[in-house]
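Trainee: The residues making up each chain are set out below.
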Amino acid sequence: MKFGVMVNEGPFTHQASDTAYRFTKAAVEGGHQVPRVFFYFDGVNNGNKLSEPQADDRNLVKLWGELAAAHGIDLVICVAAALRRGMKDEILAEGFRISGLGQLVELGLATDRTVVFGD
Amino acid sequence: MKFGVMVNEGPFTHQASDTAYRFTKAAVEGGHQVPRVFFYFDGVNNGNKLSEPQADDRNLVKLWGELAAAHGIDLVICVAAALRRGMKDEILAEGFRISGLGQLVELGLATDRTVVFGD
Amino acid sequence: MNAEIATEFDTEGVQKNFMFVNRKAPYGSIYALEALEMVLISAAFEQNAVIAFIDDGVYQIVKGQDTKAAGMKNFSPTFGVIEMEKEDADEDPDIDMVWRIVVERDSMEQRGLTAEDFSIAVEVLDSAELADLMNAQDVVLSA
Amino acid sequence: MNAEIATEFDTEGVQKNFMFVNRKAPYGSIYALEALEMVLISAAFEQNAVIAFIDDGVYQIVKGQDTKAAGMKNFSPTFGVIEMEKEDADEDPDIDMVWRIVVERDSMEQRGLTAEDFSIAVEVLDSAELADLMNAQDVVLSA
Amino acid sequence: MKGERKMLHTVNKSPYERNTLESCLRLAKAGSAILLIEDGVYAAIAGSAAADQVAARTDDFTFHVLGPDIEARGLADKQLIDGVAVVDYTGFVELVAEYDAVQSWL
Amino acid sequence: MKGERKMLHTVNKSPYERNTLESCLRLAKAGSAILLIEDGVYAAIAGSAAADQVAARTDDFTFHVLGPDIEARGLADKQLIDGVAVVDYTGFVELVAEYDAVQSWL
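Chains as they are written, first to last, in this note's numbering: chain A, 14 to 132; chain B, 14 to 132; chain C, 19 to 161; chain D, 19 to 161; chain E, 2 to 107; chain F, 2 to 107.
Hint data in this document are derived by calculation from the structure and do not stem from the laboratory. The structure displayed is predicted, hence computed values, not measured ones. Be a bit skeptical, because a hint or two may be false.
[Claimed, not checked] Here are the simulated BS3-like cross-link-like pairs (lysine-lysine), alpha carbons at most 25 Å apart as the crow flies:
#1 A/Lys15 <-> C/Lys91
#2 F/Lys30 <-> F/Lys7
#3 F/Lys7 <-> D/Lys34
#4 D/Lys86 <-> B/Lys15
#5 C/Lys34 <-> B/Lys38
#6 D/Lys34 <-> F/Lys79
#7 C/Lys91 <-> F/Lys79
#8 B/Lys15 <-> F/Lys7
#9 A/Lys75 <-> B/Lys38
#10 A/Lys75 <-> D/Lys86
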């Protein structure tokens with residue numbers, strides 16, 4: 014089955030990104046497809062390559078990038094939400110791209126289920 | 014009177030930064046002193062110079078910098094909170110500096126009132 | 019080895035029922051404003067949409083919002099755009115989508131509001147009607 | 019013309035009553051973890067501190083937290099550090115600060131918890147006692 | 002003929018802090034599944050003030066709770082309300098696949 | 002001799018969404034001032050379900066509400082609960098100066 018995933022909060026501040034990541038990982042490892050994860054609201058901060066968590070903490074930016082590379086997931090940061098928050102190409106982590114909100118609607122159309130993670 | 018101000022949320026997502034800015038502006042224009050504003054939690058994102066709000070919206074990063082320059086306010090971003098969130102020198106806006114959490118305790122000691130703005 | 023990443027999907031001719039669930043008050047947080055941008059984009063895709071205002075979400079459409087003293091952007095005029103999109107969808111035979119703008123009665127009444135307080139025309143639904151409508155959706159986007 | 023900005027303040031010999039108000043559950047958001055870092059730094063300044071757990075904040079100190087499956091950092095051991103700081107302050111005559119770790123009884127009981135459920139020793143206070151204590155503070159830091 | 006549509010609702014907020022669970026219980030259609038995640042798991046613990054809200058509706062809804070979030074919060078030894086099933090992330094994925102659509106109560 | 006200390010409490014959350022106001026009203030000491038700001042201003046509107054919480058305690062607390070936040074939310078024409086005073090940001094600053102300390106209920 015195909016799942017579309019939406020993430021509304023940045024890493025660390027709320028658990029949303031963690032839960033979305035664990036869900037997505039379980040889905041792809043369970044034989045499902047997650048063609049795209051769409052990052053909106055503060056979720057755009059998940060693509061900030063400057064993020065440097067403490068050594069004993071998880072690095073969500075990196076985890077998302079690795080999962081995406083391993084399973085062919087398109088990680089899309091919403092451009093309008095990102096501009097406002099200063100999340101620009103200069104600091105965009107590997108595996109992410111910045112695009113329009115239309116990609117979220119498209120994801121809803123292209124998948125069997127849409128699951129939203131937020132605050 | 015001397016006020017210490019603490020901001021716990023980033024610009025736009027929650028009103029905290031707006032309210033803190035309006036409060037600080039009213040305080041200094043009313044003859045009080047605000048020697049320092051301390052940014053913690055997601056509040057560190059207020060110092061991101063890449064922030065580019067829509068043309069008809071307020072630019073909080075710029076507003077804080079201007080207010081600080083005009084009234085001699087020390088804008089301090091907490092280094093630990095900032096690292097985790099990828100808010101580093103590379104993207105630090107004018108008027109802000111990155112320092113330790115001790116600067117918050119010091120602010121509490123050096124001022125007559127401490128006011129916290131958050132979610 | 020990295021898996022191939024598709025960035026374009028074929029969604030030609032696909033139409034679904036989208037619900038946008040608005041449960042948060044405006045201005046205290048950005049959710050109301052950015053959720054509205056999601057609604058607008060769905061119009062460009064000619065998708066069926068229910069824009070639902072529940073709990074504190076009903077405050078989003080209260081008329082007379084004036085953000086001058088608070089120094090924030092007044093985004094309430096955009097609800098008028100949503101209303102026009104809905105009217106166009108209702109009246110223009112070339113637009114193949116159905117839009118509904120709904121408010122939960124209990125949420126409205128608990129807050130001492132009536133439909134007269136809103137800046138746009140809405141359907142006021144009982145909780146049971148809203149529950150049925152929710153249950154019929156394909157994609158529920160909330161914030 | 020820009021005003022001069024002072025980045026250092028003379029706080030020599032100043033001691034105040036700090037209260038750290040913890041009202042949020044752990045892990046669902048980062049407030050508990052980062053608030054704890056504030057408490058720790060205040061020890062370095064030898065300040066009086068009340069670390070208060072109210073409402074969902076009481077969940078922060080529940081023992082047996084295991085974050086392995088959730089993939090998050092387990093920060094609960096740090097509460098043990100807070101407890102040690104308090105014990106040091108109580109016992110070492112060279113440390114000039116008073117620390118109290120308090121829990122509101124109503125918040126605890128409403129959640130079906132007892133002091134036995136906590137990983138650290140706490141004072142359980144009635145709401146009226148806590149209200150008095152709050153009212154005596156100079157600096158209240160909340161998150 | 003296709004059976005009646007059934008939805009999965011997720012609740013991620015503490016029932017003590019916010020009105021999220023209450024709204025979900027008011028507006029989810031009977032027959033739906035409700036999955037408690039993140040700070041939402043506190044509503045599944047027996048003997049707490051919020052437990053009654055869930056216990057009163059076990060005839061209307063199928064309740065699930067995310068085990069990793071229970072463990073993270075130190076509640077693994079606590080008794081859950083009768084009729085609440087524990088799932089892991091794989092179980093979460095299976096629930097999403099099983100039901101026709103998902104509504105996240107944020 | 003210095004009089005009894007009095008605090009200013011701020012509440013910035015909607016009384017319908019969160020338990021913030023309720024906790025403030027339970028734990029603020031009688032004689033304190035309470036300032037409703039941001040989404041907290043909804044508690045000051047007469048004729049709503051939350052208004053009773055505030056109206057019942059006007060003997061214990063001095064209530065204030067931030068005018069700019071009332072206006073932003075389209076509530077400028079609504080009647081406020083008797084005994085709630087409207088202030089602007091300058092009034093907010095004056096309240097902070099007037100009381101001995103500030104507690105923000107977040």
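Trainee: Among all the numbered hints in the text so far, which are the ones the structure does not match?
Mentor: The structure conflicts with hints 1, 4, 5, 6, 9, although it agrees with all the remaining ones.
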